[in-house]
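Heads up: the sequence lines are chains A and B, in that order. The working numbering applies: residue 8 is where the first sequence begins, and numbers increase by one. The working numbering applies: residue 8 is where the second sequence begins, and numbers increase by one.
Derived by calculation from the structure, the hints in this document are not laboratory data. For clarity, every value in this text was computed on a predicted model and none was experimentally measured. Ideal placement from N, C-alpha and C gives every residue a C-beta, glycine not left out.
Listed below are several chain A residues computed to face chain B (Cβ distance under 7 Å; list not exhaustive): (1) GLU215; (2) THR224; (3) ALA248; (4) ARG260; (5) GLN274; (6) TRP278.
Residues per chain, in single letters:
There are 2 protein chains.
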Amino acid sequence: MKQAFSIIVAAGVALLAALSLGCALAQADPLPSWTDGTAKAAIVDFVARATTPGSADHVAPAERVAVFDNDGTLWAEKPVYFQFMFAIDRVRALAAQNPEWKVKQPFKAAIEGDVDTLAASGEKGLVELIMATHTGVTTEAFGETVADWIAAARHPRFERPYTELAYRPMLELLALLRANGFKTYIVSGGGIEFMRVWTDRVYGVPPEQVIGSSIVTRFDVENGKPVLVREDKIDFVDDKAGKPVGIHKFIGRRPIFAFGNSDGDLQMLQWTAAGDGPRFMGLVHHTDAEREWAYDRDSAVGRLDKALDEARAKGWTVIDMKRDWKRVFAFEPQ
Amino acid sequence: MKQAFSIIVAAGVALLAALSLGCALAQADPLPSWTDGTAKAAIVDFVARATTPGSADHVAPAERVAVFDNDGTLWAEKPVYFQFMFAIDRVRALAAQNPEWKVKQPFKAAIEGDVDTLAASGEKGLVELIMATHTGVTTEAFGETVADWIAAARHPRFERPYTELAYRPMLELLALLRANGFKTYIVSGGGIEFMRVWTDRVYGVPPEQVIGSSIVTRFDVENGKPVLVREDKIDFVDDKAGKPVGIHKFIGRRPIFAFGNSDGDLQMLQWTAAGDGPRFMGLVHHTDAEREWAYDRDSAVGRLDKALDEARAKGWTVIDMKRDWKRVFAFEPQ
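Turn these sequences into a full structure, and let the hints steer you where they fit.
Laid out in structure tokens, this is it:
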């Protein structure tokens, strides 16, 4: 019986170890890059209420849908949207084949790296650059071009890959939600095929949970091989009032958790807020010029004006980046 | 020590019970409604190859994407697509408010239950009925109308709810794939908002895994409440060459497993077949007039002609309903 006794003791020790590990995990801070303020408390409280069986605010796992804007919410968006930087680099790479671009705006500005003129060309300029550089190729070839660029390109201020400009506190938040049975989606005005190449690796968000703006694709058979060709035509603009439309089209459920950072996210937040049961609406307010950038009502990129007023009026959670985030990027010294 | 010994014995018994239950589960036929023929063997073999670690054909779980057409593949589609029956019932329900319909085709035929004239009006007639009866309401109100209809309506031949005309062998196949880490999607020419109301309950396919044809929706605020309004405009036709486009748009991954039943599924099957690694392409061939229907090359609804030739030429799996399915519907006597 000595052996049996040893087995029981060993089992007991293992059980105690498992229990204490469980407690350690339960007690570990899931949001270490967030300061202990009201924003963090609101998130932790919401997740607890939505996931505690028997709670009046309990939400069935299938309905735990969380949506996040991308530019300015999950990664930075200055000096301009990173997809704009990609388009500029594509213009340069294709300039030799398109000599007319040297004297034609906004292509001229792109070739010369004149970001101010480009920014002034606004959404119209961006669309022109994207149409000229993102179309006429197969979806496969386009994906490869994005993958090459995202691996090689460097952000002008931080001189690091753009993907390192993902916000560490938001990566923690995504992980916390997923660990609690939430399905995390990106709902961005950016191009769906630009994002899907790298969102799984960077955010843990797989392609089928990325919603974005798109251009029309056409099924074709080239040399006996079926392909999808990207046409010179906009399919869907997933911004502003387009965001609830995109959510309904792709997910078919109303989110219970939504995070944005600009007026482009207002309707997504309103749509989320209007559902029954517990809701969380959050905004990232860029208040930290030293570690990141400070901007809101007067910014051409990521303008936050009406949504900020509505968030304050309705008690949505507004993250003050400077106050609420201990670290912004993973590469910052601790 | 007697107590300790008892605990060990009890643990041993529990372990043996768990192991034998495991074996019983492993040995149970996951496809009991399928006869033991080449079709069933091809499915079981494919699933084993794709999921066996170390197999040359092993596929990572995230890439185990399986797509299914709906009408004629997962449920019946005769005498006409069931959504057509829904549209007819909606025309009747709304006829009093639209007196002009009494003398205007295809509405007149719908009101009079003249299915032949309706079938002859083809896709154009269907679109007209759908536009007149599926739009101008909020997505929420439309979903409720579908839910009410699907609960109350009865199929003219079988006098049962339409959802009972789901094919039992295909329900088993969906369950087998999901048990093996596949994500099962519907990719249908039918309306996405018509299907999403009931696919989770009937097929175990949640709304976010349903891809279908859609009409444009518009975000609006009515009496302070955000709503999505269904507009009188087609957004996307998820049929024929539209199916690979829809798959790429919604999933962003190429399926490794695809099942259809008509020429409308040909491009989806070609797109699936053209990927690297193990592939499964299947067609349901309706050969059983007694238990269901028999039709292929000459049918207006669910025509199977070119896809049948291509399946035979390329060795895709063609299900002969009469031969390969022991039971078609769950309500059949065993």
